[in-house]
Amino acid sequence: MGNTHRIEAVFFDLDDTLYDSLSPFRTAIAAVMALPGEFPIEQAYRRVRYHSDRLWEVYAEGKMELHEMRLQRVIQAFAEYGIAVDRAQSAEIQARYQEEQGRLTMTEGVLEVIGDLQRAGYDVGIITNGPVEHQWGKIRALSLNQVIAEDRIFVSDGVGIAKPDPGIFRYVSKATGHADEHCLYVGDSWRNDIAGAIEAGWRSIWLNRRGAEPDTDHVPYAVMSDMTLELREALRALLTAPIVHDAKG
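Under the numbering used here, think of the first position of the sequence shown as 138, with each following residue one higher.
Mixed in with the good hints, there may be bad ones.
Said to hold, decoys possible - Okay, the calculated beta carbon distance ranges per label pair: (1) Glu179 with Glu287: 39 to 45 Å; (2) Gly297 with Glu350: 28 to 34 Å; (3) Ile178 with Gly246: 36 to 42 Å; (4) Gly258 with Gln180: 39 to 45 Å; (5) Pro173 with Gly304: 40 to 46 Å; (6) Arg277 with Glu205: 23 to 29 Å; (7) Phe176 with Arg224: 17 to 23 Å; (8) Ala316 with Gly246: 26 to 32 Å; (9) Ala221 with Asn282: 37 to 43 Å; (10) Asn282 with Met170: 31 to 37 Å; (11) Thr242 with Pro173: 26 to 32 Å; (12) Gln180 with Arg224: 37 to 43 Å.
It should be emphasised that the hints constitute simulated quantities derived from the structure, not laboratory data.
Every residue, glycine too, gets a C-beta built ideally from N, C-alpha and C.
Go ahead and model the full structure; you've got the sequences and the hints to work with.
This is the structure:
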């Protein structure tokens with residue numbers, strides 16, 4: 138049953154939400170491997186992200202080293218296409234990928250969306266999984282710390298809780314002075330962003346620019362394919378409407 142309270146805070150995922158992480162991945166792969174021209178690199182990238190999200194939970198539980206997680210996400214994803222990537226190749230891909238991340242550019246429409254929200258009086262922030270310095274390196278490369286207050290940027294390794302654990306969303310709502318039901322999360326990962334936020338009692342918008350499929354029964358407020366007019370219109374509708382909670386399935 139809805140009530141008259143409205144959203145007060147909007148938080149965004151970082152990787153592949155506020156910037157396009159396919160581009161640095163594509164460059165890194167091309168520098169290390171010779172793939173057939175018809176190879177579905179975007180589809181393979183989705184599988185790398187799937188394994189990254191899955192293995193991140195193993196890393197967060199202390200059962201896998203970060204370096205190993207990064208190696209395995211590529212090895213396991215390409216194995217699905219019958220391509221054997223050895224550890225040395227995977228390490229080189231990761232090194233090139235990180236190098237390319239120093240030249241990131243924001244997704245089109247991001248600054249406009251953030252500006253619209255801030256001018257309308259909404260609290261705006263970021264919640265991202267990853268090592269603190271690594272994620273902050275990307276945030277600074279994108280100059281996001283110049284438009285979002287640093288005390289509204291939360292990195293999982295600094296918090297000690299990682300998405301999709303609902304605890305990180307609850308930690309953020311408490312730290313920023315908002316009730317869970319007054320918070321909205323926008324992200325690209327179904328497992329980490331959408332399921333995690335909904336389980337915490339947040340609203341959610343799924344930025345699904347790569348045609349991924351949900352793997353739980355959670356139902357977000359909306360599914361968007363880009364950060365431009367489509368998302369801005371959905372945010373405008375949501376932020377002026379009474380709360381009706383997203384479904385947990």
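Hint by hint, here is what the structure shows:
no., hint, in the structure
1, Glu179 with Glu287: 39 to 45 Å, "violated (33 Å)"
2, Gly297 with Glu350: 28 to 34 Å, "holds (31 Å)"
3, Ile178 with Gly246: 36 to 42 Å, "violated (24 Å)"
4, Gly258 with Gln180: 39 to 45 Å, "holds (41 Å)"
5, Pro173 with Gly304: 40 to 46 Å, "holds (43 Å)"
6, Arg277 with Glu205: 23 to 29 Å, "holds (27 Å)"
7, Phe176 with Arg224: 17 to 23 Å, "holds (21 Å)"
8, Ala316 with Gly246: 26 to 32 Å, "holds (28 Å)"
9, Ala221 with Asn282: 37 to 43 Å, "holds (40 Å)"
10, Asn282 with Met170: 31 to 37 Å, "holds (34 Å)"
11, Thr242 with Pro173: 26 to 32 Å, "holds (28 Å)"
12, Gln180 with Arg224: 37 to 43 Å, "violated (23 Å)"
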